[in-house]
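Protein chains: 2
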Amino acid sequence: MASKEAEFITGDLVLEDELILQVGGVYAPAQGDRVIDGTAHIVIPGLINGHTHLPMTLLRNCADDMDLFTWLNDHIWPREEKHTPETILWGSYLGLLELIQSGVTTFSDMYFMQEQTIAAVLQSGIGAHIGATIMGNEGETRKRLPMLRELHASWQGAQGGRIRIDVAPHAIYTCDAQTLRIAAELTEEFDTAMHIHVSETAKEQDDALGAHGMTPLAYLDSLGVLQVPVYAAHGVFFTPGDINLCRDKKVSVIHNPSSNLKLGNGCAPIHELQQSGVSVGLGTDGASSNNNLNMMEEMHLTSLIHKGWLADPRLLNAYQVLAMATREGARALFRDDIGTLEPGKRADIVMVSTESPHMTPLLNPVAALVYSAQSSDISRVFSSGRAVYESGDFTTLDKEKICAEAESCARALQ
Amino acid sequence: MASKEAEFITGDLVLEDELILQVGGVYAPAQGDRVIDGTAHIVIPGLINGHTHLPMTLLRNCADDMDLFTWLNDHIWPREEKHTPETILWGSYLGLLELIQSGVTTFSDMYFMQEQTIAAVLQSGIGAHIGATIMGNEGETRKRLPMLRELHASWQGAQGGRIRIDVAPHAIYTCDAQTLRIAAELTEEFDTAMHIHVSETAKEQDDALGAHGMTPLAYLDSLGVLQVPVYAAHGVFFTPGDINLCRDKKVSVIHNPSSNLKLGNGCAPIHELQQSGVSVGLGTDGASSNNNLNMMEEMHLTSLIHKGWLADPRLLNAYQVLAMATREGARALFRDDIGTLEPGKRADIVMVSTESPHMTPLLNPVAALVYSAQSSDISRVFSSGRAVYESGDFTTLDKEKICAEAESCARALQ
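The listed protein sequences derive, respectively, from chains R and L.
Taking the working numbering, I'd label the letters of the first sequence as residues 141 to 554.
Taking the working numbering, I'd label the letters of the second sequence as residues 141 to 554.
Take these hints with a grain of salt, some might be off.
Pairs count within a copy or across copies, as identical chains cannot be separated in the list.
To be verified - Computed list of lysine to aspartate or glutamate pairs in EDC-like fashion (alpha-carbon distance at most 16 Å, straight line): (1) Lys485 x Glu158; (2) Lys389 x Asp538; (3) Lys539 x Glu495.
Derived by calculation from the structure, the hints in this document are not laboratory data.
Only a predicted model underlies this, so the values are computations on that prediction, with no experimental measurement involved.
Could you put the whole structure together from the sequences, leaning on the hints where they help?
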């Protein structure tokens, strides 16, 4: 699919084991093949949610409509201190239900007590980049290194390559310079990528200019951090210089429109980044600043807000936005095995029903997906060829039990 | 419900005939009463969609991501010229399916061949303000007056007061001064309200300043039009002077966030209007510039974009936004019989299921409705006490037939 025009393919889609074998044309099923009728469906690659904090589902709607620091200091952080392995586990399960239901088959998470999240991901059957999260000063970071190395050694490449351990220093304002350097070294050692918040708020931007005389991204560059593959969440306040840095250092960006708007941060310069050739994926951020993990909504929002912000209805067209959630989202996470429907790619597949009033008439399937569809139109989700969601039923997770346990864990955090 | 805090009521909701009889407390059902279990549901008033062009559902996704005048001249208007009573009828039915499915029980429409839309509305069982649409010069308008008077005489107050005929001059750039004056006289004659597009685009604003030395709203005022009850769709480019005019002349505003963003117009000064005490409702606009008629999405979008636009996460909180789709939406249409759950109001009721991952945990029902819910969470819709939607089924409309006929009508317009 090019950025301006979709490559529509009709015909059969054939999966074998974990991979896509054939796209288009006619396939004669062999004995034992499972055949699914795709009539009245649009079939797209599994969506990629490039920035989440999965267990924050338990903090959904606990505090809204307030300034950022009241929200963090008085509501989010005090509750997060009460987390236990059990709350992390059920919060992760809850998030996985939402991800799957909105068509996500790969996501990148940054939180703590990651083994609990990994256990939930393994059960779910979808893929994840799990952040080896780092915060604090050099001493604290060096103490944590054995634990981070163990996380990587235990889980990198698990579940047939569906689990990846990325290095996730939280942000420049929560990690000292030496910690950021160590994080870059660890990224090289792990041969993975770095996931970090950059230029999310005006305060972060202003503080960096005050303390370092540089933007947050330029500061990371000055520390040598951008020598490793980096994907930056947010980038709301990126300057033209930052955009050039992204281009030159191959930094990719994860755009989180709901969260950026809801917290009053604004609208990231996504059109400018794309014009410079930077890979931009989409993310939901955590459920406490969103307040859901619905990638169909993030696509819709992305397709609308930049047109309004820059007063140009031609920007971020439906094809580009669908690509941000699929092909470009994969590129942004430095992945070449997911994000498109092509032979040899991982069989991450989403079937979207077109049998609803809001998908009628079906004059342009890509515009319908981005502007009209809702996540409830998703009828089936396959991850590495395995059905994880079929006609409203989760095949790998127990929805009723998870919702009940998550509700009770959320009450315990209040 | 106050603008800053919700009044949560638990207990029974009792309907009698077309009205709400009791809210809260315990009701002992009499023989023959129909009892519906509201466990795991949030119950809200029927939503009010203050600005639609219903038959434009047939133009959904026919043309997107282009500049406004290419879109209108090359795509929308040529197709609209092909409309027949049949296409208007099926396009209206299709729109009604979407409205009902997203919880709408009253909407205000502006289009042509209105008898077809009225026929569909009567069948659907929900309420509508139908615009007596006016465009052109004085001569054309005077010729059309008998037809408009007949529309009013035939349908005003039909279906137990559910149908209202408002006067709908399209805009200042499609109606000459004398036509706008006639429209105001007709509004007085009908004793209804006027529905008009105002300050939707930068071009409209600039042209008015050039031609009249005044903003579009000030121009309407100079013609005496604001002496009648007026609800203005859009108001994207309203100046502080326009906001004062709205306040002083009791002009209300219908905010259409999806359409305003998608067409590259921008973001209306809703916070400023509300601060001035102006009633602001919500609308979807037509499906060709949206591209759906989903009021749950409009609420969600409204809750997000103003925070981002004005860099303040405290603005347009969840309570205010829910009110815009209910109580304030009713006020904006000059209605006092709908928009709240109170004894004596029309029994327009929406039941929203909370049994989904994205509605878990349920820490704040209003935030959950605005930030987390999807229209697929709506399980039942009652209009004037009559169930029009129950657990995925339309009780008054034939979804399969309508979708098939609408698809075929849409193809005929291509």
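Tell me the hint numbers this structure goes against, listed in increasing order. Checked against the structure, the only hint that fails is number 2, while the rest are satisfied.
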